[in-house]
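Given the coordinates of chain V, assemble chain E onto it according to the supplied hints.
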Amino acid sequence: MNCPARVTVPGLLIYTIISKSMKSFALKIALILFASVLVFSCTKDLEEINTNGNSPTAVPPSLLLPGVMRNISNEVVGTGWGIGNIVIQHTAKIQFVNEDRYAWGEINGFWNTTYANMRDLNNVYVLAEAQGLRNYMGLALVMKSWMFSIATDCYGDIPYSQATQGKGDNFFPVYDTQENIYNGILADLERANDLLESSPEAIEGDIILNGNKLRWRKLANSLLLRYLMRISNKRDVSAQMQAILADPVKYPIMESNADIAALTYLAASPNQFPIHTSRIGSFNEFRLSKTMGDTLIALGDPRLEVFARPTDASVTAGSPEFVGIPNGLDDIEALTYNGGSQFISRIGAVFYENAITSDGIDIARGFVMDYAELQFILAEAAQRGLITGDAKNFYEKGIQASMDYYKVTMPAGYLTMPEVAYNPANGLAQIGFQKWIGLFFHGLEGWFDWRRTGYPVLLPGKANLNENQIPVRFIYPSSEQALNSDNRNTAVSRQGVDNINTKVWWDQ
Amino acid sequence: MFHILPTIRLSATVRQAFSLLTLLVIFAGFNAAWAQTRVLKGTVLDAETGEPLLGATVVVSGNETLGSITDGEGKFSLNLAENAKTIYVSYIGYERTTVNIGIGNDLEIRLQPTATNMNEVVITALGVARDEKALGYAIQKVDGDQLTQARETNLVNALAGKVAGVQVVGNPAGVGSSARVTIRGDKSLNFNKNQPLFVVDGVPILNELVGSSGKGRQDVDYGNTAAVVNPDDIESITVLKGANASALYGSRANNGVILITTKTGKGTKGIGVSVNSTTSFETPLLLPEYQNVYGQGLNGDFGYVNGAGSGVRDGVDESWGPKFAGQLIPQYDSPRRYLNGGAMTNFRGGDLFSVDENGNSVPLVTEVVPTPWVARPDNVRDFFEVGRTLTNNFAIAGGNESSNFRLSFTNLDQTGFVPNTDLRRNTIAFSGGINPTDRLSVKTVINYIKSESDNRPSNSYGTENIMYLFNCWLGRQVDLESSKDYWQRGQEGLRQFGSNYNYHDNPYFNLNENTNGLAGDRVFGNVVVRYEFTDWLSLQLRTATDYSYELRTQRRAYSTQRFPFGSYSEARVNIEERNSDFLLTFNKTFGDLSVNVSGGGNRMDAKYDYLETFAGQLLIPGIYNFGNSRVELQNDLVKTRKRINSFYGFTQLSWKNYLFLDLTARNDWSSALPTASNSYFYPSASLSAVVSDMVNLPAWVSFAKFRTGIAQVGNDTDPYQLTQVFNAGTPFGPNRVYSESGTLVNADLKPEISTSFEIGTDLRFLDGRVGLDFTYYNIVSKNQIIAIPLSITTGYNNKIINAGSIRNYGLEAMLNLVPLQTQAGLKWEIDFNFGLNRSEVQELTDEVSNYVMASRYISVEAREGERMGSMYGLGYQRVTDESSAYFGEILLDSRGRPLRTTNRVLLGNYSPDFMVGINNNFTFKGLNVGFLIDLREGGEIYSHTQTVGREGGQIIETLEGRENGYDLTLPENGVYFNGVFSSKGPNGETVYTPNDPSTNASAIKLSAREYHSAFTQGRSLIEGVIYDASFTKLREVRIGYNLPNSIMGKLPFRNVNISAVGRNLFVWSQVPHIDPENASISGGTLIPGTESVSIPSARSFGFNVSFKL
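Just so you know, the protein sequences line up as chains V and E, in that order.
First residue of the first sequence: 1, per the working numbering; consecutive thereafter.
First residue of the second sequence: 1, per the working numbering; consecutive thereafter.
Keep in mind that the hints were calculated from the coordinates and are not lab data.
Be careful, since some hints might not be right.
List time: in silico EDC-like cross-link candidates among lysine to aspartate or glutamate, alpha-carbon distance up to 16 angstroms [to be verified]:
#1 E/K607 with V/E48
#2 E/K1005 with V/D330
#3 E/K1005 with E/D893
Chain V with its partners taken away, still in its complex shape (with noise of 0.2 angstroms):
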């Protein structure tokens, strides 16, 4: 609206004032009430001064989504490094070991991360949705049905089919059972799936997949096909496993290495692999594990020089060797271990200061889910018989695929040194080995994979304190208590205790 005098009213009245002489006083009055009705005849203009100028109230879709997949990124990195790799024993800690000790307190990275992020995707979706674009509704499907997967695995029972209702003023939602979540998240990817398939609009601003409407698609139908082994041991799975397999036209699949879905980092600040900002104390933390070491050290798996580097005084003395350190020491001797961290080896350079390189980009990549992956699936599901196929060849394939990824030759003989020879008697067990090492680094899908299978057999540290128990969860976020008590306690009584060692439903 427009206001009739922009001029600093007062400053206009003082320059009258004095510049003309007062002829009456009915003069003066007048000009008062005058000056009053300028100062406020521009309310309306209150609306306009409270326009925010910094800030949309609308954007695309492509510029919601970049955002949304780094920071879930992020997390699968950051708390892949200070939790998945340590309690599935790929690494270790030397100092601060709590959380190598199992005194875990909040761990509320996931949590917090895949709500917050989920108002973001939830936008992509309504936007899209509203203008018919089929694609980013699919690649929204996916990234949902995936951040889901994650959080309802820390978890157990969590908000899902009302989840991220704020603006529909729902601010209680209810916690559901994981196995609706799954259910859920399954009929998402196959939607997904569909969506993705019939559209010819480009997407933009995807920092995964480039906007590759196909590789979301394999990607969409390779996380069915990890989901639906997840829940595994609670139902038979065979036949959507079958149904997927059976039809390659329908149900694209990761083929290759090509296909890895995940966050390819950059060279340049801000944007970095997010570990390789840490500062190099809180990096040398974390050291090589015993239980991965003396493993691939046995294996002469030449996979463990990517993820780790000879100790420093082996290097010093010429004699460059691996050397891992134990889970679960207190304090003192973690520190002390071999005669102190001189002795023990450092995590490979490519996911610390090499991470800008171009085998560091190559190689520390914030994963949603690789072909590797993909392959020791398969080759459960084909040696559990909840699909036809060769689980050694898959197997095979899942094994070269890591080493190919990694940018290791796999040594001669690798694949039929005895404890790497595919034994179908003893398949469940290598399979779950190889995809142990094959999952180094993958943010928690190892910890999900070795919670439902068990293999690889880990034990707890000797100065764990969890009662010897490697745990299966992590606690609700004690803001729930205060902030949704009701459906968070509905959720613990269901489900069991609020604690680490409660399983959740696939685990049961």
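Below, chain E alone, put in the same frame as chain V:
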């Protein structure tokens, strides 16, 4: 001269105004016929100083219609009847004196200052001068000269202890740091909305605290913007405590008003020059007490190789290493020699690189030569320098009947006791007034302040704060003197030299290379035009602006832990507020009734612009220029605007000058609120009765007044709270990023409203030698606009709602005593200021019963039925069975460590129970000695120094459990955590077993390191590190002497005063290691009740010289 009281000395301006007013009244009834007359001339002087008194009233006894007032030289001339015998002279602040005139002329009349002034004129809301006795609400005044002698760089700090009910919490954060002031306690659930409005010469000025953290940097306290008002230009400060006093200032005065009146040239005879010079020296008031028995390392082992883990525990930054015995151990500052006993080099332990013939850095092939292992008990103390503050003020003022001016220049030059921190501030203040006609007056005040810092220290827990290193992670053997040369040899500009490369930055490197600079320009001032249409009708027009521009430059050098490639940031903070108002005043007396009616309006426009440009990495080390960025620059820009239009009116009715009724009303229209509810009205009423004038009271009662008032104040909110928006984030390569705000806005907000009631008395006895001022108040603040947290599962972090009802009630008492006053001129005055406040959360909303106001180490929560400022956190699990002998004991887990509660429990409250300021002042002739004691009782504080200082083995407490080293089989080593184990007995009952080795064979001993870490269970259990924050401070000591003008002879100096002053000299409290008066800064919010490895607060000693020419 120091008065810390409600008894208040008048400014010359006000005195004159008041005298004029008196005279007007006198002449209003002028009707006497001229008798035979003569002219009497004389001079009125201050009996103590001999200063002429301007504006004193001289009246002929028995014929009050004949009178005059004195001019700038104290001279008067009076027409009086030949037969007149006596005149009396009165002047506010002085004893009324009757003088026998006889037939004399050229009388010299000396007036004695009154012990306590009964009729004070004070400046109230909108700059209206009022007779204090007419006020129906509590106010308190601080004179400007109290602020210039014992100086504080931050004006706000200078108020501590001087005003009842006012709490000041300084943030100990080095030079120029901010302070939080609250009046009558916290009323708002929003932390940042509890501070009073600052008003200078009738117009609000900014008091903002704009945070500086982010982009990987920690907070730097760039100060609250009201801090910069220059004490030399302040005539007086009036604190309007309650809503009755402040309601006319509208929304923002909900928390009271600090009303500053600046000096003018009014009343100056001719041209006067005054000079004031202060030099002071600052040192840390309190340093943590460190242990000096064990050095860096773990379990008694240490040996330096590269400070990053290649040696014996040399990556460990804790002090659990070898005992100091002078043994030889390689250290970061030990020399290096070539291998196998080769020649010595000039490299030090921490020099890790050498340069080869091609100029490339290569690892240095040498070894560290062990040096004696000894404690450095004073390493931190010696790190700090003696801070120095020079303040010089030069003011020139002049005036005549129709005009006056004052021009003042002040230079403040401060170097902090933290090395390489400084603050320079130049202030030019101009004030001028002119009366072109009898009816028209024009006045203007302009202040220009230029502030500069080359560096201010970083704060909070983290690598950029030197105290993080000192209190938590610095080996006690580290000789910081060796850190002064802070580059590795041959690696200058590339690699810092330090004691630990795993986590830490060298403190000298931090302070000299990683600087946080500031260049600020601030202009505020106003123009006032006043026109008197008639004797009873006047109009005032005023326009004012306050403009603040700050350029913040933050450098980070190569090899900084958080910025290996350095970084550079510039932030421009531009805040502006303009106020324009008019006020029409009608003033008339009808018999015994005097009526003053005013009406006016105000428009406030506020503007905030913030632009930050950030180069996250640099190409060439040491070049701080955006062209030298290795990476894409990041820009953040925020602009907000707000306007409030207001109309207001007020009426002051006075009956026989002893019964006073004030009514006010104001309506605001705020742009920040929805159109439907952006208009809000609020009234106030107050009543004051001077009983001592109404009835005859015993002679020992000099004055008795009762007052009461009720008032409402409405309040709006920040701009842009009504529309949901998407915010830009950091791009990912070429991909731009947006994200919807996590705060759900509310398009239906209503204004906040607070209702307050107060009642009080002002009593003076024994000719004013005893004065008691007492106030009770009750304030209920409703519909507060806050962002309540939501479960993140809703997709949103919080939503903005109207909620809450907070009740504040309390007592304020001011007691002024003159225990001693002799004819010889000795006078002893004591002033007590007492404030007691309780803030209660009466209700929040249906949806939430607790609201987290701040969360940092502790959680500050508002919970229904509790006090505001409650501090929550995890506590010890304890035996809850009251029938057990172990009721209340701490429960231990199976490893002998304390169990923590699963839910947060109430562990304290940051608000004091009450506060007392005691000022003593002795004067004898020109000598003046005084001291101020500031006492706060109650309240708690969390100490992060304690939490992490224990983990790191730094503080003295950590000697417990390692008296004989680390071998747990030796006596005195290890600690049995004091508590009980819980187990099930044979019948399923719970059995408690104390962790006491004398009775329990399976008692568990923790190593010292485990024990001190278990103390807080890895910083999660905070019950053990919450302390009673009660303290007593010797806030101020002053010794001053006024040289008699007579000894100056022909020298031009007059009114020479020399004084020695000390500030914050001693503190007595139960809190170990830190100043209990503490806060931490987090993103522009000062959180009381939390200490985050703070920089020590300053103790200062100084000298002050002032004189006039």
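- prompt: Does the structure keep E/K607 and V/E48 at a Cα separation of 16 angstroms or less?
  reply: Answer holds: E/K607 to V/E48 is near 14 angstroms, not above 16 angstroms.
query: Given the proposed pairing of E/K1005 with V/D330, does the C-alpha separation stay at or below 16 angstroms?
result: Holds, at about 14 angstroms.
- prompt: E/K1005 and E/D893: Cα distance at most 16 angstroms?
  reply: Given that 16 angstroms is the threshold and the Cα spacing comes to 12 angstroms, the pair holds.
Consistency with the previously given hints is maintained throughout, with no hint failing.
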